[in-house]
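**Student:** The whole structure should be built from the sequences, with the hints applied where relevant.
Going line by line, the protein sequences match chains X and A. So the first sequence is numbered by UniProt numbering: it starts at 1 and just counts up by one. So the second sequence is numbered by UniProt numbering: it starts at 1 and just counts up by one.
Under the rule of at most 30 Å between Cα atoms (straight-line distance), these lysine-lysine pairs were calculated in the BS3-like manner:
hint : chain 1 : residue 1 : chain 2 : residue 2
1    : A       : Lys200    : X       : Lys54
2    : X       : Lys54     : A       : Lys457
3    : A       : Lys247    : A       : Lys187
4    : A       : Lys457    : A       : Lys427
5    : A       : Lys360    : A       : Lys294
6    : A       : Lys95     : A       : Lys247
7    : A       : Lys203    : X       : Lys71
8    : A       : Lys259    : X       : Lys93
9    : A       : Lys208    : X       : Lys71
10   : A       : Lys354    : A       : Lys380
11   : A       : Lys249    : A       : Lys95
12   : A       : Lys493    : X       : Lys54
13   : A       : Lys203    : X       : Lys54
14   : A       : Lys238    : X       : Lys93
15   : A       : Lys314    : X       : Lys54
16   : X       : Lys71     : A       : Lys200
17   : X       : Lys54     : A       : Lys444
18   : A       : Lys208    : X       : Lys54
19   : A       : Lys218    : X       : Lys93
20   : X       : Lys93     : A       : Lys208
21   : A       : Lys323    : A       : Lys457
22   : X       : Lys93     : A       : Lys230
23   : A       : Lys95     : A       : Lys62
24   : A       : Lys493    : A       : Lys457
25   : A       : Lys64     : A       : Lys380
26   : A       : Lys148    : X       : Lys54
27   : A       : Lys270    : A       : Lys230
28   : A       : Lys547    : A       : Lys259
Computed from the model, here is a short list of chain A residues facing chain X with C-beta under 7 Å:
hint : residue
29   : Ser120
30   : Thr211
31   : Asp212
32   : Val228
33   : Arg229
34   : Ala232
35   : Ser233
36   : Ile254
37   : Lys259
38   : Glu260
39   : Ala263
It is worth saying that the hints were derived from the structure and are not from the lab. Every value quoted in this text rests on a predicted model; they were computed, and no experiment measured them. From the three backbone atoms N, C-alpha and C, an ideal C-beta is built for every residue, glycine too.
Listed here are the chains, written in short residue letters.
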Amino acid sequence: MFAFIVRRLLFLPVVIFVLSVLIVALLQFLTPEQRAAAYIRSDNQARNLPLIIKQYGLDQPFYVQYWNWVKQAAQGNLGFSKSSNKPVWDTIKERFPSTVELALYSLIPLIGFGVWLGTLAGLNKNKFIDQFARVFAVVTGNIPTFVMGIILLVVFYGLLGIAPGPGQLSPESQINQMINPVPRVTGMLSIDALLAGNWPIFWDVIRHLILPVITLTTVLNAGLIMVTRGSMIEALSQDYVRTAKAKGLSERAVNLKHARRNALLPVATIAGFQVAGLLGGAVITETIFGWPGIGSWGADAAARFDVPGILGFALLIGVITVVMNLVVDIMYAAIDPRVRFD
Amino acid sequence: MKKAILTGLLAVSLGSALAVVPNNTHVIMQSADIVSLDPTMIYDTSSGALGENIYETLVKYKGKSVSELEPMLATEWKVSPDGKVYTFTLRKGVKFHSGNEMTCADAEYSLRRNLVVNNSDSGNWFLSEALLGTPSNANDDNNITWAKIAKAVACNNQGQLVLTLPAPDPAMLVKLAFIGQAIVDKKWAISLGEWDGTEKTWKEWVGKDLTDSALSNKPSGTGAYQLVRKDASTYVFKAFDNYWGGKPKIENVILQIVKEQAARLEALKKGDADIVETGPRPVLAQLQGAPGLKVYDGIPNNTATAIFMQENIKDPAVLGSGKLDGNGIPANFFSDVNLRKAFAYSFDYDRYIKEVLQGKGTKRTMLLPDSFFGYDPNVKQYSYDPQLATAFFKKAWGGQVWQNGFVLKASYRAGSVAAQTAMEILKANVEKLNPKFKVELQPKQWSEFLKNAQQGKEPMIIVGWAPDYADPDNFLYTFYSSNGYYYPRSGYKDSIMDSLLEQARKTTDRAKRKALYSQVGNRAYETAPYINVPAGVGFVVYRDNIKGLEENYNIMLSGGYYWKDISK
Chain X
1 MFAFIVRRLL FLPVVIFVLS VLIVALLQFL TPEQRAAAYI RSDNQARNLP
51 LIIKQYGLDQ PFYVQYWNWV KQAAQGNLGF SKSSNKPVWD TIKERFPSTV
101 ELALYSLIPL IGFGVWLGTL AGLNKNKFID QFARVFAVVT GNIPTFVMGI
151 ILLVVFYGLL GIAPGPGQLS PESQINQMIN PVPRVTGMLS IDALLAGNWP
201 IFWDVIRHLI LPVITLTTVL NAGLIMVTRG SMIEALSQDY VRTAKAKGLS
251 ERAVNLKHAR RNALLPVATI AGFQVAGLLG GAVITETIFG WPGIGSWGAD
301 AAARFDVPGI LGFALLIGVI TVVMNLVVDI MYAAIDPRVR FD
Chain A
1 MKKAILTGLL AVSLGSALAV VPNNTHVIMQ SADIVSLDPT MIYDTSSGAL
51 GENIYETLVK YKGKSVSELE PMLATEWKVS PDGKVYTFTL RKGVKFHSGN
101 EMTCADAEYS LRRNLVVNNS DSGNWFLSEA LLGTPSNAND DNNITWAKIA
151 KAVACNNQGQ LVLTLPAPDP AMLVKLAFIG QAIVDKKWAI SLGEWDGTEK
201 TWKEWVGKDL TDSALSNKPS GTGAYQLVRK DASTYVFKAF DNYWGGKPKI
251 ENVILQIVKE QAARLEALKK GDADIVETGP RPVLAQLQGA PGLKVYDGIP
301 NNTATAIFMQ ENIKDPAVLG SGKLDGNGIP ANFFSDVNLR KAFAYSFDYD
351 RYIKEVLQGK GTKRTMLLPD SFFGYDPNVK QYSYDPQLAT AFFKKAWGGQ
401 VWQNGFVLKA SYRAGSVAAQ TAMEILKANV EKLNPKFKVE LQPKQWSEFL
451 KNAQQGKEPM IIVGWAPDYA DPDNFLYTFY SSNGYYYPRS GYKDSIMDSL
501 LEQARKTTDR AKRKALYSQV GNRAYETAPY INVPAGVGFV VYRDNIKGLE
551 ENYNIMLSGG YYWKDISK
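**Tutor:** Structural data, given as structure tokens:
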């Protein structure tokens with residue numbers, strides 16, 4: 001297994017190389033003026049367009065620009081992101097923990113609820129709960145994230161006033177943070193507050209997480225529910241389930257230990273991709289709820305043709321995807337002992 | 001147990017329902033990111049709005065005025081009779097946030113640093129133009145030497161700051177009111193690793209991008225507020241105890257970056273924010289009458305927008321047949337003043353005010369904000385008049401335009417509803433006059449639009465200008481001079497106009513200067529180089545417990561008001 005992990009991790013530099021060449025090459029289809037747009041924020045600044053192109057070498061050939069980036073990257077410098085106004089690496093360090101935080105809190109309800117409802121639906125094929133699960137999945141799976149997010153925000157924050165507004169902290173907590181700051185350890189504010197024993201800040205962050213987490217859980221659940229349901233139905237019709245039942249095992253033991261365990265294989269794949277997606281930044285959810293994660297930065301970088309920003313963001317997603325694939329493979333082996341790593 | 005958890009969650013959530021901004025705190029929400037808190041790089045309004053409260057300039061705009069200045073870090077100043085030497089007496093007993101005392105060395109360092117760095121993303125080009133005679137930095141202009149920089153900005157033996165200009169610049173003082181020319185803490189900056197202020201190292205800093213400089217991350221100014229904490233989406237400030245003007249009433253200021261407009265509006269309505277970036281005027285309907293909110297409407301507009309008519313189109317691809325045969329236009333189509341006048345009479349200014357500006361807008365006589373010095377309301381202006389438009393179309397190009405018609409390509413920035421509507425109004429009115437007239441509208445991405453326009457490749461565009469500093473030269477020279485920034489976009493060259501503008505930018509006598517700008521306005525009316533698009537008025541919506549915002553609102557401030565001037 002160790003050799004397998006090492007082999008898969010050795011694949012990472014190849015992914016990074018291919019991705020970076022691809023992105024830099026694709027960006028060459030834009031004119032230097034278009035790429036210089038990242039540096040300009042007003043008509044007045046546009047007066048310096050030619051100077052900006054010259055200063056940042058935006059008119060140099062593809063290989064020169066790529067080589068310059070590689071030279072910098074080799075020294076640990078991924079360049080300067082004009083959309084975050086910080087070096088790319090500093091932006092990732094600053095924002096990625098918040099994205100991980102949102103992903104972590106979303107993961108438990110997302111997978112827990114999806115697998116639970118999918119299992120129930122599979123076990124009760126064509127009964128009320130199954131019909132409900134299918135309608136629920138179709139409806140929530142087809143509501144765009146921005147619609148769901150805004151509806152939740154307007155109803156639960158605006159109209160009912162039972163959820164907090166956008167951002168990570170309320171004004172009082174911001175002032176508390178000023179007087180008694182929570183030391184940055186993990187970069188995930190709720191975890192850092194917990195480590196520092198600062199309960200007011202911890203609760204405030206948790207409160208601010210409620211609506212984004214509900215948004216993500218609701219919107220992303222559909223796939224998990226349907227895949228779990230389908231896999232359960234398929235597993236229940238297998239010979240080994242019949243054999244288990246014939247052996248006189250309890251229905252609960254058959255359903256959970258025999259049927260569901262096998263049914264979870266495709267679920268693990270879907271869940272793995274969803275985790276990778278969440279770690280890559282829930283772009284719309286982060287934007288609507290003012291969550292300072294990586295997704296809103298990635299979207300901004302793309303909209304502004306911020307080349308170092310786009311490169312840094314894409315490489316991070318690439319690494320996350322490779323690592324999550326590896327995690328899914330390892331989970332396969334844990335779920336299904338027939339899977340081996342050779 | 002389930003019930004207990006639910007009740008607990010509800011209780012946790014309900015806590016927030018009662019949360020409103022405390023009386024000693026001011027919460028602002030906006031969508032735009034902060035680019036930099038290093039004055040040498042501040043050129044955008046978001047950064048400027050914070051910078052104005054952290055740092056201070058030598059002079060500032062007086063109250064709501066955009067033409068009168070008053071002392072800030074300079075208590076008084078003298079200008080030599082030839083208009084080339086400015087001597088500033090600096091305020092005593094002013095402390096930086098670091099605890100260092102402000103001296104002339106700080107002022108000298110700050111302005112020299114701006115001249116040395118003069119990064120292409122910054123607004124230092126106009127300081128350099130005034131003090132060194134060129135907008136470029138030393139990498140792009142070999143004539144810039146250390147000796148010139150040191151001579152232009154220096155302290156005298158009395159601890160006064162002396163600025164020596166190569167030629168008189170009547171806009172010198174307003175240029176110094178721009179937040180980019182704020183005074184920074186020299187000792188603090190050097191201790192953070194910024195430029196050491198010496199001749200030995202100055203070349204290493206020329207053109208450097210200091211957006212994320214150490215000073216930007218740890219600013220120390222003389223302003224009423226100091227930065228305490230910042231993360232990816234929040235900036236927290238507290239009132240500076242040793243502020244020379246007395247400690248402000250608002251103790252804490254929180255700036256939150258919230259990209260989603262609906263979220264910002266809800267926060268404003270709930271009282272979790274005191275003031276937010278609301279978005280365009282139609283949003284106002286959602287907020288008007290909401291309890292706890294106040295609307296400050298009718299804020300003068302400090303931008304100018306025009307429809308350009310390029311007199312020397314440099315791209316054959318947009319000319320169609322390239323002839324006046326009804327299938328295209330010649331490259332010099334707009335060089336005929338009759339044609340430009342015909343277009344100016346074809347634009348329905350009142351309809352634009354009604355449809356785009358929701359009735360809240362004014363026509364302008366010249367491409368200069370009406371609140372600025374030099375604006376002359378008595379200059380004649382065009383109005384929508386199909387009969388006069390027809391008459392001028394018939395006169396244009398010896399009658400060929402009317403007889404053969406044309407196909408004209410007009411562009412606007414994709415996504416700009418106002419620009420699109422303006423162009424659609426013009427197109428409809430022009431095409432109505434003669435079935436042989438065709439105007440094809442083309443939305444374009446901003447960067448492509450800028451590039452093409454700057455290269456003179458766009459026959460007709462709509463573009464605005466926002467002031468760098470409150471001086472008529474910043475607008476009128478930009479639009480009307482053949483040496484101005486917009487010349488490549490318009491191709492408009494008029495020797496009388498050029499001469500008037502050159503005289504005006506060197507004239508320090510205000511009355512004479514004002515008269516010259518009236519002549520500029522009249523000449524613009526006669527030669528019709530642009531269609532002056534009416535200007536809308538601005539508005540802000542804020543919580544009604546805030547006092548002092550409207551009384552102190554100044555359109556030349558990036559944030560509109562100093563936080564120190566408000567209370568609850």
